[in-house]
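Once you've looked at the hints, go ahead and assemble the two chains, each given alone in its own frame, into the complex.
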Amino acid sequence: MANDKYETHEYDVIVIGAGGAGLRAAIEASAAGVKTALICKSLLGKAHTVMAEGGIAAALRNVYQEDNWKVHFRDTMRGGKMLNNWRMAQLHAQEAPDRVLELEEWGALFDRTPDGRILQRDFGGHRYARLAHVGDRTGLEMIRTLQQHAVHKGIDVYMECNIQRLLKDGDRVCGAFGYWRESGKFVTFKSKATVMATGGVGKAWKFTSNSWEYTGDGTTLAANVGADLIDMEMIQFHPTGMVWPNSVRGILVTEGVRGDGGTLRNSEGKRFMFNYITDYFRAETAETEEEADAWYEDKTNNRRTPDLLPRDEVARAINAEVKAGRGSPHGGVFLDIASRRSAEYIARRLPSMHHQFKELADVDITKEPMEVGPTCHYIMGGVRVEADTAATTVPGLYAAGEVAAGLHGANRLGGNSLSDLLVFGRRAGQYAAQYAQNLEGHPSPDDDQIEQYAQELLAPFNNDGGENPYSVHMALQDCMQNLVGIIRTESELKKAQTEIASLKERLAKVTVEGHRQYNPGWNLALDLESLLTTAEATTMGALERKESRGGHTREDHPGPDPDKYGKINLVLRRTDGEFSLSEEPLPEMPEDLKELFEESK
Amino acid sequence: MASEFTMRVWRGDISGGEFKDYRVEAQEGMVVLDVIHTIQATQAPDLAVRWNCKAGKCGSCSAEINGKPRLMCMTRMNLFESGDTITISPIKTFPLLRDLVTDVSFNYEKAKKIPALKLKAKEADGTRRMYQDDVDRVQEFHKCIECFLCQDVCHVIRDHEDNKPDFAGPRSFVRMASLEMHPLDEEDRRELLKVDAGLGYCNITKCCTEVCPEGIHITDNAIIPLKERVVDAYYDPVVWLMNKLTGK
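In order, the protein sequences belong to chains L and W. So the first sequence is residues 1 to 601, counted in the working numbering. So the second sequence is residues 1001 to 1248, counted in the working numbering.
Honestly, the hints are just simulated from the structure, not real lab data. Please read these numbers as outputs of a predicted model, since none were measured by experiment. For each residue, glycine too, the CB sits at the ideal point set by N, CA and C. Take these hints with a grain of salt, some might be off.
[What the hints assert, rightly or not] Reference listing, derived: stretches of chain L covered by chain W, where coverage requires no fewer than 3 residues with Cβ under 8 Å from a Cβ of chain W:
| # | region |
| --- | --- |
| 1 | 241-250 |
| 2 | 271-285 |
| 3 | 457-471 |
[Unchecked claim] Which bits of chain W does chain L cover? Going by a derived footprint, with three or more residues having C-beta under 8 Å, they are:
| # | region |
| --- | --- |
| 4 | 1036-1050 |
| 5 | 1092-1103 |
Here chain W stands alone, though its shape is the one from the complex (with noise of 0.2 Å):
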């Protein structure tokens, strides 16, 4: 069963551009991401945009769908009414290329600055033992696929653009409580994450959170815990006292 809609998707480049209306047909089970390409396939063979898997893993279609960041694949058109006019641009936290495609070199380069995992020793028989319970609550952070559009929706770089340069964003700190909650890592990131990650930026509206299509809970088990670990290190008197004590 067919619908109609008006899919009114941003053409333009960093010069300029506009809203253009594309009237299409979709059949029952298609996507966004499904109509995006029929526009290409016959209205609009240059219209820009970045996709690859199609079903949720690669994180690559992101984009502002009525204003909702979200993934175009995981989106289906029966969430709209036919004869709807339906809005597509691109994700606006970062720089246009082109239509719907930026530039998210900001979060690669942000992720250079994620020192690696440091193992303590093997065990004695020269395996590595990590138990299900403790492994889970990293394994969350793991299900990460990089669409980005927690740190298209953080209001501290959404609408700062100077805060970008001291501010690692919501995705770096799933990789980073990741890196910390690891079972057998031993590396101290608490002063990265206050200096360098802009930790303390985030007020914890969850704005990241809710926007997250694999269901992160980022602010209540990343962001938090590691604000925790901070706070613990830094502003703990006990704790400020012991590293005095031992030179630390």
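So here's chain L without its partners, still in its complex pose (with noise of 0.2 Å):
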């Protein structure tokens, strides 16, 4: 019996991925009575959420009464350019507040209001101060809150442990294989239910905010087992990522510095976003300095300012101004709070951005503008699920945080991934445990297939073909960075899918030196495979989609295409190893919800 062979647990719940949506998860499922595990890439509490800064989206009305959920789901499908699923983005919004008092009662200390409740921040494409933080480290309380729950719920934790495939009992999931990194020896997941939270793709592209475990996994283990994956060509690029010097270039910059007043500036000094405010924005927008100023002490009779327009405009805007040669020394542009703030006011609200450039790029941000540009940051696009229950199309998979589709549309706000992933992470729990616990019998993965799998995973060691793995990385991210980028154009996109096509070739020779224990050479190999399959996605949905919306910026299509594009999601499906892509109408909002945006225009 190949089972016999490797190391195997079973599960009703396995929870991949141990950011903030996949300890909600297992936390939920936990809660629900069902036996779970949460199995992670890296050391517990080191996931992406952990560099989330300027904090959680939720209408606390704490600091504006007049903020309710409507005003926040507004705010999300604009800033999303209308292509989020609604019902999504009305229970984040409507949720949200609970999950963040939820973790306030687990141990979380966000920054105060002073009559001593939680404080919030203004951030782009938020109508009111809205965002729960902690200084400029809001992502690490939250991890550490959700981590120290978990383990005080007793909840198995696999740590270092990296799923490279999903198992199927007919047309169900049924539990998931990988290996150690510490051994590199293999190990089976038996589960009922299986949820997916492994995050997004920046490692895909050159200069990102991601860490390195953003291989897009999730997206394509999930593409693989025959799961639906919409709008892949939706990326953000955050506006603001370092630019220097290169080793850092990438590195965020929250948004907060501009929520907390700072100001954008092209090399002539002047603060170019009153350049950029589009006819979508202009009756929400601030059209002077002196109103953009005012607007951060009374919202009431000002509007708001233009540096805080939703990210993809301000990237947009970046762009623009240092192709048009009035950009910052290292090919950025000037980001200013040290002339508009006082010093204590900077090294409180922002404490990590202060240390950042001072220890990275010897730049004190509380005397001297900092220099920045826009950073693949974020997947808007990815798998899709069931906006209520997390449900993928796959029986038995869910997935939920940025590995998931829908809630953001075309562009994420700022804050609106935190809250994501407490939401939409809890409903994945509790649905996947619900499954679990309403699935008679225990589904069982095929042997066979198991040892194919071992063998597919051990390929890279037995190759002669000489390619280094790290080499087929640079080039990916190369292709990338200067051809699926912030502004696309068909010639471009096409020469990536002949490059991608090469990279996928190069990738079945990469030969991996040494053992199996603890080898990142090899451990890189096996994740080039989800990153040139996302690559590959995202590119295809970049292509298709022959209009300017969001994230995704066609230089030979620049408007919105309403009658169309606007109205569909692009829905990938992988069969043996190849996408086909196919349009598929927006779900269609209920009359009351669409009322909330007739009455505000």
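Take a look at the structure:
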């Protein structure tokens, strides 16, 4: 029996990925009384959530009484250029406040208002100050709180365990197969339900805010067992990443800098964002510097500063300024808070930015402006899920967090990711547990299949092609950065497709040295498979979507196409390693919610 | 402007190993982790190193650089002179897995033993009220990125393997201080601190504070106040008498 060959564990629910969504899902599943395991690629508490900075968006109404879920819902939909799944956006806006308060019950300590409640800060695209935060290290607070809560609940955690294949019994997902990084040995998890919470794909780009884990694993695993992917072309380039020194290019500079009063300037010292206010946001955006500055204190009589337009708008504007020759010395623009807020205020509100620039770039942000430029940050597209249950299109498989798609449409608002992780992480855990409880018997994977997977994963040791995995990765990053970046065009996207195809051939020839124990060369060789798969999917969607919307800008189709592409999701399905693409109508928003968009015009 | 270095990197596992020299060029702004990645990509593809964010936020890439416990991602190469030989070894206090990667499960096991927060009842209006002045000191402890450099440098376990079962280490004390000083917490952890966590082993040499990349005042703000609480509970004659009388 092949089964005896590999370490095997049996659970009701397994959760793959231990960032905010995975932890929240595991906590919920475990609380429902089912046997739950949490499996993660790194050590517990190191997942990408730890890097989130600015805050969690939730209409708590602690700073502005006028705020409520409907305003948050509307901001989210408009920020996403109406491509969002309306039901997800509704659930998210309605449930986010409870999820934040729950974190407080579990020990999180957010910054406070003078009357002792959770303080909220301004962020791009949010009408009111809405982000619960802890200085600029909100993600750390969130992951540590969830991590410690999960530990107290006694959930089994498998660390540095890298899942490489999902297992099926008939049409159901019934577990996962992967390897321990420490030993390189294989391990099988049998489960009734599986939650994907694996995060994003940013490591396919050269300049990214994402950590090494972000290699599109979950997206690929799900696609390979037949799950639908949607809107994979929707990639968010965060407008403000570090641009210098080169070795740290891409590291995130929180939107909180602008939320707390910082402003973008070009080489002429001009606040250029006033030149990039699109008609879509004109009615709600300040036209003069005076109005923009007054808005921070008085939101009733002033409109929002254009520095805080949604991220897609700001990233394109910075890109255009640099192209027009008005950039900073290292190819970005200036982000100035030093001249606008006191050193004490900056150090208190943005301690980690202060530290990061001082340590890595010799820049004191309380005295001088930062140099910033767009960095690949987030994928709005991903695995298609049912709004209420987080179920994918494959029975037994659930997805939550960045790996799932729908909530953010064509562009995610800052702060909506952390709340997404909590709201849909919880729902995924809840419904996965329910599915497991209702399932009769225990589905069982096919031993021959497992054996085949094991051989596939060992292939890089046996190849004599001589390709270096690091070289293939760098070539992919150059390709995506140069050809599938912020501004896209048909000829470049086609070129990218050709390059990705040739990189797939090179991947088949990758040879790794040494043995299986903690071997990063081997680990990367395996991750390259998902990196290339997601890069292929993104490029395919980008080529097909002949319009500009949110995180997808086509130089050859500069405007939105509301009559065609504004009404559809691009759905990708993978069969025998080949993607096919189809167009499917967006879910129709009910009339009472539609009215929210009418009355505000 | 590039400079040249010799990186002397520990290669090996539990069965043995040696330092190996790698000649590398470092571009302006590079950190030690960049140079290690360069070695991986060009000279030693199987060089084991643990890292995630490369931005000083996740605490994964702890190592000993010229003998000093540091994060590789926050150590700039311009600290060194071109032509220098720089020694990179795994953190010493925990069992070696391979090359620069160690088994840090000790820290996760200790974390399991710390009881959760016990919050007092909510306000009459159903809210939780805490004031910034009161949360400030706890927020300092929450800055911990769990790089475990404080655990690595602490001589109680660094030099005395046999102390490990009885001593939770600075990271755990920071965590317990954060719970103890939470404005709404009602749990009593003094016995745990004294007996199971071995707080008394610490003789406040402040080595942990010196290596903390987050600048947490581990000794002054966490450990000493905890020691005071334990002393108050166990060694204050007035409290002792009161406890006797009230039957605590």
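> Broken hints, numbered, in rising order?
Replying inline: 2
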